[in-house]
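*Asks:* Residues per chain, in single letters:
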Amino acid sequence: MTLLLTVGIAALIVALAIWTIVARDTMAAVIGFATFGLILTLAWVRLFGVDIALTEAAIGGGLTGALLIGAAAHLRKTEIAAHADRVGMSTRICAALLSASVTVVLVFCVLALPDPAPTLASQVAANIAVTEVGNPITAVLLAFRAMDTMLEAIVLVFALIGVWSLAPDNAWGGRPGLRHSADPNGILAYLARVLPPIGIIVGLYIFWVGADHPGGKFQGATIIAAMWLLVIMAGLADAPPISRKWLRIGLAGGPLAFIAVGAYGAFAAGAFLAYPVGFAKPLIIVIELALMPTLALVLALMLLGAPQRAIK
Amino acid sequence: MSARDIFSMAAIAAGAIFFLAGTVGLLRFPDTFTRLHALTKSDNLGLGLVVMGLLPQVDSVLAGLKLIAVWLIVLLGSAGTSQLIARAARKRDLDA
Amino acid sequence: MTEFLFGAATVVLIMVAVGLMRILRGPGDADRLMAVNLLGTGGIATLLLLGAAVGIDSVVDVALTLALLAAFATIAFVKASTPSSPDDSKPEQQP
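Chains X, H and R supply the protein sequences, listed in that same order. According to our numbering, the first sequence is numbered sequentially starting from 1. According to our numbering, the second sequence is numbered sequentially starting from 1001. According to our numbering, the third sequence is numbered sequentially starting from 2001.
Among the hints, a few may not be true.
What the hints assert, rightly or not - In silico lysine-lysine, DSBU-like type, Cα no more than 35 Å apart, as pairs:
id, chain 1, residue 1, chain 2, residue 2
1, H, K1066, H, K1041
2, H, K1041, X, K281
3, H, K1041, H, K1091
4, X, K281, X, K245
5, X, K77, H, K1091
For the record, the hints were derived by calculation from the structure and aren't laboratory data.
Next up, chain X with everything else stripped away, as it sits in the complex (with noise of 0.2 Å):
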């Protein structure tokens, strides 16, 4: 019975994957992508990783599919002029085998793994009782490999002054997109009124309780940033102005403690990003307390996309 489920999972993101790249319409592929993400987050609890599905959940379901249809809708102007570029069908066929020989690779490896596979993982469980943390996934990103946690934040914002990098040199301060507007009584404007205390509550919720199960700072933020970008969808709120001081002062604001708990272990125990015994739980809060409103305006603002208009 349980492998008639897995087989099921299985076949609906391959056939959910054939039908993304079959489809003729911008619009309908990007719908099945978010459809895409969505299976792979039962697939992922299938295969008992509670994390990943959360993140997949979050990332690959909500936020992915917003920003490819975003970008589809811009995209429609010129789409009937992307059609004739169309690469030619041997083309295609070429890219086809390519992906099929890689796939095949990946199948064999994978099925020649040694049984049980080589893993860290009994490592960090004989360890973790030093990082005072319960989930093993929080101890290993936030404690063993705090350094490439601290990376990927910062790199998340280099990625936003890129996005921001496209604005319009006249534009450059201002506010990104353009202003969205919905009748303050009808059903959309009544959705971003009552879902987003809820959807903040949720996430709220599961950042706190990623220090002993499945969650943490980056899942938390998503329905943040979602619930965020909700309320600005409905025209119930504009998009801030990217030269705002506080909006700068929050994405800043998490790699710098990042950076600075970071010196304070040098300075303390003796390597960068070392956390002195006892102070684990306290250093590993600090951090998420800062990282997760960094989080939360990274995501949200590069959805929202280069500043468009410019401040008066």
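Guided by the hints, dock chains H and R onto chain X, whose structure is given.
*Replies:* Coordinates of chains H and R only, in the frame set by chain X:
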């Protein structure tokens, strides 16, 4: 096979039947709007029955509250979004 | 009980798959907008049943996230597919 398990199985089976009904509606109804109706009404009820069936199986009050919260959020979200989809479809019909 | 939960999850998954195949083919974009909605209900039901079957309690958190983000994604798609006017206009003045 306690009474709790029997109740759960009955509720979940009823939920699955409602999902089946919703999918049959999706396949057979002729129009976007009727399909939307089948999707939101029947599937939401199916989810509600599944949640009700899973409630006796949870270990703590918090888990039970979270299950109910899931159902309420889905109800709220899909009620609103089905209205939005219907209006978008209507506008497309008027423009086309 | 576990076998039953797995079976129920499989049944709901098959329903979602069949529904998706019909919706994604459907003429026009409005039908396809329903795909995310379908996953929001059927996918969450499958998720909850699967989580109860393998005994993971934190799957409910994944379902919470999925519920919120599916609603958000559907709204984003609807907004993007209605080009010019605000998609939430007052009831049309019908002849």
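*Asks:* Now, for every hint given, state plainly whether the structure supports it.
*Replies:* Evaluation of the provided hints:
no., hint, in the structure
1, H/K1066 x H/K1041, "holds, 22 Å"
2, H/K1041 x X/K281, "violated, 46 Å"
3, H/K1041 x H/K1091, "holds, 22 Å"
4, X/K281 x X/K245, "holds, 31 Å"
5, X/K77 x H/K1091, "holds, 20 Å"
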